[in-house]
Structures are given as C-alpha cells and as structure tokens.
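What follows is each chain in one-letter form.
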Amino acid sequence: AQTVTQSQPEMSVQEAETVTLSCTYDTSESDYYLFWYKQPPSRQMILVIRQEAYKQQNATENRFSVNFQKAAKSFSLKISDSQLGDAAMYFCAYGQGGSEKLVFGKGTKLTVNP
Amino acid sequence: NAGVMQNPRHLVRRRGQEARLRCSPMKGHSHVYWYRQLPEEGLKFMVYLQKENIIDESGMPKERFSAEFPKEGPSILRIQQVVRGDSAAYFCASSPIHPNTEAFFGQGTRLTVV
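Top to bottom, those sequences are chains A and B. Take the first sequence: its position 99, counted from the start at 1, is 267 in this note's numbering, and no numbers get skipped. Take the second sequence: its position 20, counted from the start at 1, is 1219 in this note's numbering, and no numbers get skipped.
Because the hints were derived from the structure by calculation, they are not lab data. Every residue gets a Cβ at the ideal spot worked out from N, C-alpha and C, and that includes glycine. Just so you know, not all the hints are guaranteed correct.
Interface residues of chain B toward chain A, partial, derived using beta-carbon atoms under 8 Å [claimed, not checked]: (1) F1290; (2) E1301; (3) Q1306.
All chains should be built: construct the whole structure from the sequences, respecting the hints.
What follows is the structure, given as structure tokens:
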C-alpha cells in the first residue's frame, strides 16, 4: 500500500522568508499524482499545487513551488515570501493513476511569525 | 458556482444515536468521496460514490457506517449507534472525473460523540 510521510510535525518561518516542507512517499507505481493541500483553522481543504509524476518539470503556482525528486520519492513544497495568511496545516497527498483514493500524510503545522 | 457544501458544520450526538452527514457536490460533478480526519491525523479515505453507485468502499468500517449518493439530492454518510471513537471531522470531496484531476473539498462536518 502507498504511504505518505511528512517528517516535520511543525515548522515556523519569519514573514517574507522562505520555508520548505518535506514529504516522502512510497509506491511501486509509475503513474501517479502528488498534491499539497492547505488546511487553515476554518478546516477548508485548499489545493495548493499538483504534480503529475510523468512530468519532469517542477510545478509552480505563484509563491508556491515543488521540488519533485521521482527517484528519491520526495516531493517538497517551497513557500517563498511567506505571508501571515500562509499559516495553516499543510498536507501532502498521493493519488495513483486510475485510482480514486488520495493517501494523505499526517500534516505539517506552519506558523508564520511577523 | 458554489463549492462543495457540507452540512451540518458541527454535529453532536450521544452514544448510540445516529449521525447523518450531507454533502452536495459542485455543480457538474458526479463523483463524491468521503474522508475522515481524526485529531492530529491526515485524512483517511472512506468511500467513493457515483450517482446511485458505490464504487469503492474499502475504507469504510464494516459495521455501522453506510453511504449513498442518490439520483437526486446530496450524498449521505450515515453512522448508526455512534461511539466516542467516531468523533472526527468528516470531509466530502467531489470531482468531475476523479481526484487525480482535482478534488474539491467541502469544509467538513465535525462530529462529536458525547
């Protein structure tokens, strides 16, 4: 079974600085997708960024970018120019191609200090 | 275009009562997924439904839990004879195809069993 591991239960960053959240996963499949979701205190799950495994280019969405290392099964999220509104739980998730299930990590709580 | 709507946001039940959680997918989405989030944990897949069909219920507990997605109306997650261990946040997501494209999540229902 696929597993997703987020080894940092909590992280903190100064406003305007850059922070990287780690995620590793385990799979024997070649066709899959990886996601980062943000969960603020409102509990709403918000998709931050998505990466298709067959794409070598790392996904980028404004201040959010990923470092996808397929051989190492690593999928880290970099947040640049951190803002107070970035404070939230961040979940890494795996979705196998052709499967409907998403497998989530346990999350990383990000605090942004003013 | 309204997002995924879940109600109620909060639900309190006494042990032994029934809990009914509702999810209205986004307009045009015919795929619904239910996830459960225990405290300090990531989301865990429970069940995947299409209209009038349960496609994958491999994450559902064998007893007391059931789900439906009728032709008309919202998807319902039903928990009979609730126990304290059922206390969790229950999330619904919908997608036009499957979550590997993009799954949109509702704000969740927090169930508290007293």
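For each hint given before, does the structure comply? Return the numbers of the non-compliant ones in rising order.
none
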